[in-house]
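Every letter in the sequence shown is one number past the one before it in full-length UniProt numbering, and letter 289, counting from 1, is 289.
These are computed hints drawn from the structure, not numbers from a lab. Cβ atoms here follow ideal geometry from the backbone N, Cα and C, with glycine treated the same way. Some hints here could point you the wrong way.
[Claimed, not checked] Using 16 Å as the maximum straight-line C-alpha spacing, the simulated EDC-like pairs for lysine to aspartate or glutamate come out as follows:
{"hint": "1", "residue 1": "K248", "residue 2": "E216"}
{"hint": "2", "residue 1": "K133", "residue 2": "D108"}
{"hint": "3", "residue 1": "K248", "residue 2": "E179"}
[What the hints assert, rightly or not] Restraint-style ranges between C-beta atoms, simulated for each label pair:
{"hint": "4", "residue 1": "K248", "residue 2": "A64", "range": "12 to 22 Å"}
{"hint": "5", "residue 1": "P94", "residue 2": "P153", "range": "40 to 50 Å"}
{"hint": "6", "residue 1": "E80", "residue 2": "A52", "range": "31 to 41 Å"}
{"hint": "7", "residue 1": "A98", "residue 2": "G150", "range": "35 to 45 Å"}
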Amino acid sequence: MAAGGALPVVDLAPFFNEDDVGRGGVVRATEAVREACRTHVFFCAVNHGVPAELMSRALELSAAFFALPDDEKARARPAEGTVAPLPAGYARQPAHSADKHEYVLVFDPKLGFNEYPAEPAGFREAVEECYAKFTELGLLVQEVLNECMGLPPGFLRDYNGDRGFDIMAALRYFPATEEENNGLSAHEDGNCITFVIQDGVGGLEVLKDGEWVPAEPVDGSIIVNIGDVIQVLSNNKLKSATHRVVRKPVHRHSLAFFFNIHGDNSWEGAGAVESLLGRGQRPVAVPAAAGDGDATPVNEAFISHSPPSFGYCESDRVTVKDAAAGREASIDRSCD
Numbered sequence: 001m002a003a004g005g006a007l008p009v010v011d012l013a014p015f016f017n018e019d020d021v022g023r024g025g026v027v028r029a030t031e032a033v034r035e036a037c038r039t040h041v042f043f044c045a046v047n048h049g050v051p052a053e054l055m056s057r058a059l060e061l062s063a064a065f066f067a068l069p070d071d072e073k074a075r076a077r078p079a080e081g082t083v084a085p086l087p088a089g090y091a092r093q094p095a096h097s098a099d100k101h102e103y104v105l106v107f108d109p110k111l112g113f114n115e116y117p118a119e120p121a122g123f124r125e126a127v128e129e130c131y132a133k134f135t136e137l138g139l140l141v142q143e144v145l146n147e148c149m150g151l152p153p154g155f156l157r158d159y160n161g162d163r164g165f166d167i168m169a170a171l172r173y174f175p176a177t178e179e180e181n182n183g184l185s186a187h188e189d190g191n192c193i194t195f196v197i198q199d200g201v202g203g204l205e206v207l208k209d210g211e212w213v214p215a216e217p218v219d220g221s222i223i224v225n226i227g228d229v230i231q232v233l234s235n236n237k238l239k240s241a242t243h244r245v246v247r248k249p250v251h252r253h254s255l256a257f258f259f260n261i262h263g264d265n266s267w268e269g270a271g272a273v274e275s276l277l278g279r280g281q282r283p284v285a286v287p288a289a290a291g292d293g294d295a296t297p298v299n300e301a302f303i304s305h306s307p308p309s310f311g312y313c314e315s316d317r318v319t320v321k322d323a324a325a326g327r328e329a330s331i332d333r334s335c336d
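Turn these sequences into a full structure, and let the hints guide you.
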């Protein structure tokens, strides 16, 4: 595991090497992922299986779209009466929001939710190629995390097999002003795994030991971080991290893929996580049971990344239960 900028760089090449006799490379790469998640939560993945040409093309076409006049971008706004979990297509953060960016949301193309801009040519094809490659990468990293967490082989794959809740966003952050430079407020991702490709502008920062650490751009790399769902399922062995985007003097472009969890998955369905507990240990944090006695979905915390990032909430509450002490705690995350 090499140091790149301020974040660890993890080479994922062994996972694609069929000639890795004895799988020694896979073991070392898995340990590198484990250590990166333990120390930083965020890491730069290289040799990750997503072609560099595709990443560059997608960022360039995304930048070309956002450079269009506002009235042309508005043609890709979500359709009236959309039934998607979040409206697919183009949107901009409201003027009162502390976050200053615009974006295009994309779901699995097979679901039929997406609203693609007509221009620039090739935008849809590049986005859909990226979506497919990110999905493949998400499945791979999920398997690696399954090993890192000590879960039975294939547990996360079987538990989280529905890809209908994944989201990709093409984003443009506006230049900083003399008055303020917030691009995306400090938050933790509430999904399973997030993947980010970014241009060379920078601005993504991770809170570590009370200090903001820059996730500096590394050519050809993808930023990977784990979210709240993995933290809960791992019983805090792997933790999500607070991060933000600070705006720079110029526009910043990025693509983010949120590898999520099915909305109906409940904690009771994750009984295998008991294998993570030592003798006499209890879960540190689990989703609180609903008032009617039904199981609360694991992703009670799952959309915690979405409202701050995409502006679709009035308020957001994440409730966890301290099973050992018999206490519950709620965290309110407003969208001011």
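Here is what the structure says about each hint:
1. K248 / E216: holds, 13 Å
2. K133 / D108: Given pair K133, D108 holds - Cα atoms ~12 Å apart, limit 16 Å.
3. K248 / E179: Holds: K248 and E179 sit about 13 Å apart, inside 16 Å.
4. K248 / A64: 12 to 22 Å: holds, 20 Å
5. P94 / P153: 40 to 50 Å: holds, 46 Å
6. E80 / A52: 31 to 41 Å: For E80 and A52 the Cβ distance comes to about 39 Å; the hint holds.
7. A98 / G150: 35 to 45 Å: holds, 39 Å
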